[in-house]
Structures are given as C-alpha cells and as structure tokens.
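Visitor: The residues making up each chain are set out below.
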Amino acid sequence: MASLGELERAVMDRLWSADGPIAATELRDGLADRGLALTTVHTVLSRLEHKGFVVHDDARPRRFRARGSREDHAAELMHEVLGQAGDRQAVLARFVGGVDPDEARLLRELLARATGPDDINR
Amino acid sequence: MLPATAAALAVLAALLAWPVPALLARARWPRRDPLVALVCWQAVGLAGGLSIIGALLVHGLAPWGSSLPEAAWSVVTGRSAEAAVRGDHWVTLTLAGVLAAELVGVLLLSWVRTARARRRHRDLLEVLVRPSTQPDARLLEHPAPVAFCIPGARPLLVLSSGMVAELDDAQLAAVVAHERAHLREHHHLYLLPFVAWEAALPVLLAAARAHAAVRTLVEMRADDVALGSLPGPAPRRTLAQAIVVAAGGAGGAGVPSGALAVTGSAVGARVVRLLEPPSPVPAWARALALLSAGLLLLVPTVLLLLPAAL
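For the record, the sequence lines run as chains A and B.
Per numbering that gives the first Met the number 0, the very first residue in the first sequence carries number 0; after that it's consecutive.
Per numbering that gives the first Met the number 0, the very first residue in the second sequence carries number 0; after that it's consecutive.
Mixed in with the good hints there might be a few duds.
[Claimed, not checked] Pair ranges (Cβ atoms, derived):
{"#": "1", "chain 1": "A", "residue 1": "S68", "chain 2": "B", "residue 2": "L203", "range": "43 to 53 Å"}
{"#": "2", "chain 1": "B", "residue 1": "V111", "chain 2": "A", "residue 2": "A22", "range": "32 to 42 Å"}
{"#": "3", "chain 1": "B", "residue 1": "P18", "chain 2": "A", "residue 2": "L3", "range": "48 to 58 Å"}
[As the list claims (entries may be wrong)] Partial chain A-side listing against chain B, Cβ under 8 Å, derived:
{"#": "4", "residue": "F52"}
{"#": "5", "residue": "G67"}
{"#": "6", "residue": "R69"}
{"#": "7", "residue": "H72"}
{"#": "8", "residue": "M77"}
{"#": "9", "residue": "V90"}
{"#": "10", "residue": "L91"}
{"#": "11", "residue": "A113"}
[To be verified] Away from chain A, derived, C-beta distances all over 12 Å, residues of chain B:
{"#": "12", "residue": "A24"}
{"#": "13", "residue": "P68"}
{"#": "14", "residue": "L98"}
{"#": "15", "residue": "D122"}
{"#": "16", "residue": "A282"}
{"#": "17", "residue": "S291"}
{"#": "18", "residue": "L297"}
In case anyone wonders, no lab produced these hints; they're calculated from the structure.
These figures come from a predicted structure and were not determined experimentally.
Glycine included, every Cβ here is placed at the ideal spot set by N, Cα and C.
One chain only, chain A, in its complex shape (with noise of 0.2 Å):
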C-alpha cells in the first residue's frame, strides 16, 4: 500500500500534466496501475484541496485542477528557503545561507589559495 503522500504527488502530476479541470474517476482510471478504490482518490484529493493544491468546480460530477503550477509551488518553497532571517533557521536548516557576490569571490580565492588541508590533518 502506497503511502499518502506518494498518492498525493502521483494525483498532482496527473493534474499538472492534463489539459484541463479532470473528474475523480479519469484522475482513478488514469492510476489504474495502482488499482486505487474511487473513495481513496477522493480522499486524496479532498487532503489536496485542503492544503491547497487543489480547486474544483461545480459541474457533476465535480471536475479538479491544480490551483498553481508546480514551478509556482517550487517557487513559493524556494521563496521561503532562500528569504530565511533570523528565527527562520529554527523552522529548515540550509547547508549555507545566501553570501553578497564580493564575499563570495572572497571564498572561491581562499580556495583556490589553500593548499591540500587534508594532507596536514593526518
């Protein structure tokens, strides 16, 4: 059994990937592979509008779309990661934060100059 969250991000691709606004039973005929029970795909895609990745419209029955494109989600995250000040660092811990461009020449010279710290060090 495949895990909620590999179910959601299979649902999303179908979504981003179709042409337009796609009723629960393509979305499950679409997954047949996975050999998905219609009230899972509705469960699934009820926790998907939930967090707001999904919207539907009133038609019968009810068709689903994806509500960003996933280059603005990706850009929404990135947004987050990349603006992080201060008391952000509690909520992700980024391998290195954002340096001006003088510093970073700064750095790539200090590399460039160091010689072989490995071979002191043993």
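Let chain A serve as the given structure and place chain B on it in line with the hints.
Guide: Using the frame of chain A, we list chain B on its own:
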C-alpha cells in the same frame, strides 16, 4: 535588607547579561571545539534566565522568608509576611512574573509558528520532490543551488536540482552528511533558548550575539560530524568546495541585506576552519570548559534551592 542570595544571583545575572556572552562570542577556541562551546552557550542561556528570575523572586519574597523554599512555602500555606512588604518587593515580583511569562510565551509562540511553517513546507515538498540519487535525500526541481533539512518528527532532507548539477558526487555526499548531522543531533533545539532570549529582550544586545554565535557553532559542528563520515581522500577540501559553490550560486537572491553580514562572515569562518584546521582543544581545557558550564548551572540552582544559612 537584601538577602545575600538575591544579591549573589543579581551579580551572576549581570555577568551573564553582558561580560560572559561578550567574552565567549569573541573567544577563538569555540571554533576549535564547537560541541563544547555549544554546551557552554546553553549553560549561559539557562543560567542567565535562572539567575535573573531567581534574583527578582528571592528579593520579592524576602518578607515571607529568607530563602526561596521557605518563602514560597509561607506564601503557599497562606501565612502572612514576617516583615513589612514594601513597594520594591511588589515591583520585583511583578518583573519576575512578566519576564518568566514572556520567555515561556515567546518559546511557545515560536514553537507554534515554527511547527506551522514546517507543516506548510512539508506539504509543499511532499507533492514537489522526487527521490534523489543520495539515499534519504529528496530532489527539488529548482535552478538555485540549495540544500536544507526540515527537522521534526518526520525529518526531510532536500537538495535542489541546481545543487546536484553544480556539485560532484563526493561534494554532494558532503552536503548530505552535513544536513544529516543537523537532523541526528537535533541542532534546531540548541537554537530555541536563544530565539526566546532575543525575542523576549531585544534590548539585550548579548542575546543577538549569542544567537548568532550559536547559529555558527551549530553549522561548524555539523561540518565536523560530516567530515567523520566522508570516505574521499580530501574530505575537508570537498566540504569547503561544496560550501563555496552553494554560497556563490545563491548570490543574495531574496536574502534581506541585514542577514548578509552575519551569515556571510559565518560562511567564511566555516571555510577557513575547513581549509586551515585549527589544533584541537587539549583535553584538560575541554574538561575545564565543561566543568565551568556545569558550575554555571549549579550555582544559581543551589542558591535558589538551599535554605539560606545567612
């Protein structure tokens, strides 16, 4: 009359509010042993809170008894004060209450806000990321070279496709090892007390310095742990290269300029200590530092709990 305990605690609080953090932030040895330095900072942060709130409480409760347990017991059992309760007693009691409530409130608030932000990030990541070639890391399609981890009950380690494109396998492994060290040692918890201090007392400049110092030390500690698990012939150089690439590529995009000076110099310090490894702190000095940290916590605790002999 001012109880000797209150005076001693007040002196300790004053030392911990400025001279001690200033000295520790300026010292050179922490980068040689980030873990011991982190322990010392935790002791400073906790002992600071204990001594200032303790000093205020002991003075405020002095009319009810000469020691905190005795006075607290008198108040709880509803006995009336032995000495006259003056205005300054009420002022210090109020201050103690306000400060304690503020510290706890700020902690809770930042906990809730952090949890909410993490949940949103996790929701986004769950639909966006794919498995990566590095075990337990996920891949996010984005040109900026970025790596980060989200701590918590369900930790997530994320590499951007830009990062994967710019680094070779050994460098990528170094980045993952660094982030994994953050997760395994729960580094986000080391930062919590200082988030609270800085938010509760923005006028206390030492709080901001302490927070910045701890942030840097946590990164250095993660670098050290990562080095231990890297197989290549030159792990220090590999990790330093990864840092420089990540720092250069993210070039200030969307980063508030106020944050630049702090993170910037910290990144530089990390690279320097990787390329020119400082000699390790001798065992006796480590023991001394840990002992001082222990005493720093023990002294205010004992002063607060022991019945005053004076």
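Visitor: Each hint needs a verdict: does it hold in this structure or not?
Guide: Evaluated hints:
For the pair A/S68 and B/L203, the supplied restraint of 43 to 53 Å holds, since their beta-carbon distance comes to about 45 Å. The hint said 32 to 42 Å for the Cβ distance between B/V111 and A/A22, and at roughly 38 Å that hint holds. For the hinted restraint 48 to 58 Å between B/P18 and A/L3, the CB-CB distance of approximately 54 Å keeps it satisfied. Proximity of A/F52 to chain B holds as hinted, the smallest CB-CB distance being about 6 Å (cut-off 8 Å).
Hint status for A/G67 relative to chain B: violated, with the closest Cβ pair at about 10 Å, above 8 Å. Annotation: A/R69 was flagged as interfacial toward chain B, and the flag holds, the nearest CB pair being 7 Å apart, inside 8 Å. Nearest Cβ of chain B to the Cβ of A/H72: about 6 Å, under the 8 Å cut. The hint holds. The closest approach between the C-beta of A/M77 and any C-beta of chain B is roughly 5 Å, which is under the 8 Å cut-off, so the hint is satisfied.
Contact between A/V90 and chain B, as hinted, is supported at the beta carbon level, the nearest pair being about 5 Å apart and thus within 8 Å. Taking 8 Å as the C-beta cut-off, the interface hint given for A/L91 holds, the closest approach to chain B being about 5 Å. The beta carbon of A/A113 comes within 4 Å of a beta carbon in chain B, closer than 8 Å, and the hint placing it at the interface holds. No beta-carbon of chain A is positioned within 12 Å of the beta-carbon of B/A24; the least distance is around 17 Å.
No Cβ of chain A comes within 12 Å of the Cβ of B/P68; the nearest lies about 35 Å off, and the non-interface call holds. Once the 12 Å rule is applied to beta carbons, B/L98 is consistent with being away from chain A; the minimum gap is 19 Å. A beta-carbon of chain A is positioned within 12 Å of the beta-carbon of B/D122; the least distance is around 5 Å. For B/A282, the condition that its CB be more than 12 Å from all CB atoms of chain A holds, with the nearest at approximately 18 Å.
Distance check on B/S291: its Cβ is at least 27 Å (rounded) from any Cβ of chain A, clearing the 12 Å threshold; non-interface status holds. At roughly 28 Å, the least C-beta separation between B/L297 and chain A is larger than 12 Å, which holds for a residue marked as non-interface.
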